[in-house]
Amino acid sequence: MTAKTSDKKQSSLREWLIVMLLMILAITVGSIFPDVRPRILQSAWSVTREMVFILPAVLILMGLFSVWVKKEMVEKYLGKAAGGRGIMLALFLGALPTGPLYVAFPLAAGLRQKGASLSNISVFLTAWACIKIPQELLEIQFLGFRFMLMRLSLTILTAVIIGLIVERVIPAADIPKEYSTGLTRFI
Amino acid sequence: MSLSETAILINLLTLSCLVVTWFINRNKARQALVMAWRSFMKILPSILMVVVLIGLILGLATPERLSAWLNARSGWTGLLVTGLAGTILHIPSIIAFPLTGTLLKAGVAVGIIATFVTTLTMIGVVTLPLEIRELGKRFALLRNGLSFVAALLIGWLMGMIL
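If you're matching them up, the sequences are chains A and B in order. At position 8 of the first sequence (counting the first as 1) the number is 8 in my numbering, and the numbers step up by one without a gap. At position 161 of the second sequence (counting the first as 1) the number is 161 in my numbering, and the numbers step up by one without a gap.
Bound-form chain B, shown alone (with noise of 0.2 Å):
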């Protein structure tokens, strides 16, 4: 599904609640409102920053010197060193797939794709802003970090393994 099907999928289904609250109960229909008003309205510098570092990163890092940075490494220090970079990175998925499948086929271990693959959905040092604002410092810290170790123990299992 790519992201526009998404999009019309969630903003039908929105739609549809609204509409259905506001002929059921017009003032629950407006406080849904208010308050989606207010939370836009408090997260908007966290969003801001979201865009702008994505738009750095994504800018900085092309996928030509993102493979050959990749295929230079192996091992332990490998693993680490992709899973930071797949901390670092935002690229969603769509992209993401295409471009780890061409990297297993130009011969990168399958634990190095694995443990990027992982990081890369997984932990978003980007989105870290949003998270810690949302759910605590404490919270967003060690679910991220411990995303991390579980990354890297994915991708040397994956790689024992397969």
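If we strip away everything but chain A, and leave its shape as in the complex, we get (with noise of 0.2 Å):
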């Protein structure tokens, strides 16, 4: 136990200093061409603003989620028992119009230790990556009614097969535990 805390602690430590040697970069980038800085500085800070407004509230969801969802449940209709019915919902629940990619992460990761299948996992990350309601009617706008439904179809067949793949690859133990934001801890 007393290892995996220190291992957990040096983790975060290298992440912080990460964190430290991007923002040196970004200093560094800013003073060596000034006509960059205002687009950094903008660019940082409109990712920034959307971060606020739209994390709490995905964090505070997952909270209620681990609060009230059963692991039962995710795994009956998540589970590698659910099969096509699985990849329909995890597809389903992927193109919800929610946020951007980085908030499902810790959302994909609560499914999974609640016994979530990798497949659907998978699905339900690339469904939220690139099947989005809005996002498709901007397309048609822009692209054309048949270049977005090409898109689409083509997207979500890559999507199942992915999760396929991903599925048959990949141990399931591989998923971190002590790594991830650790919901299940509580249950």
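Hints in this document: simulated from the structure, not taken from any laboratory. Be aware that a few hints might be false.
[Claimed, not checked] Pairs of lysine-lysine residues, derived as DSS-like cross-links and limited to a Cα-Cα distance of at most 27 Å, are as follows:
1. B:K28 x B:K42
2. A:K71 x B:K42
3. B:K28 x A:K76
4. A:K80 x A:K70
5. B:K28 x A:K70
6. B:K42 x B:K137
7. B:K137 x A:K80
8. B:K42 x A:K70
9. B:K28 x A:K71
Since each chain sits alone in its own frame, please combine them into the complex, following the hints.
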């Protein structure tokens, strides 16, 4: 147990180190190219704003999810035995108009710990990333209906195939338990 | 739907779930909030990484530079290079679709556009640290690698058919 705790501390220390290095890099780039500086600041600021508005809500939603939703339920509908219906559900959940991709990772880890299969986790993430109802509307508007429909069908197909490959290749024990958000520890 | 509308929707949903939980079982509501806080502390460094990386990348790659660069490439090299560009860049779809629409009208091949849009949305090198942290290195790398190959194939197929 102590080894694990110090491991965790070390990994978080490493992460903070990377954050510092990146900031130093950004500051260096900003001082060498002053014309780029406002754009760097502005894009970083807009992401920060996005996160501030969405992330707390998503995290609380996840907390509520793990308080209410029983492991058996996730296992039944998104587990290995759920089959094609599990894949459909994962696609549907991912396609709901929700926040950016990075909020999906802790959610996916939570689902995983409650017994969802790796293929369904992968389908869920891929769908979350690139199948979104508002996004498809934008795509129709700017790239045309035929383009959207074709890319959408190909994307759904590949999301499922990628999920099936991931399930085959990765051993189930590979998903980190102590490094993830660790929601199940409370239940 | 714009970001702010999405944000309002999610926040309203969360707030109502939290209020309902609070009235049914205060302990559970408290527990959920504690969990949310702990998760936040755990992913904070990864989030900061994402913020700084996005600032750097978007600061350096202007839309004008990008379209000039894409226009100069064709064939499989074009697919590969645009695929990589889409992987590294992190552009919200509200900007990405108008941008690619302009590129399409400017004469960039359909396959290249499809590859670019697909990698842009499907793969995030920038968010990779978060994905690795939550789901493990092998899962994250495999999923993103396969997505990259899939994006190239999608672009190639669409270039052939459309």
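Here's how the hints hold up against the structure:
1. B:K28 x B:K42: holds (21 Å)
2. A:K71 x B:K42: Cα-Cα ~23 Å, so holds.
3. B:K28 x A:K76: Within the cut-off at roughly 23 Å; holds.
4. A:K80 x A:K70: holds (16 Å)
5. B:K28 x A:K70: Satisfied, since the Cα-Cα distance of roughly 13 Å is no more than 27 Å.
6. B:K42 x B:K137: With Cα atoms ~17 Å apart, K42 (chain B) and K137 (chain B) stay inside 27 Å; holds.
7. B:K137 x A:K80: holds (22 Å)
8. B:K42 x A:K70: holds (23 Å)
9. B:K28 x A:K71: The given pair, whose Cα atoms are some 16 Å apart, holds under the 27 Å limit.
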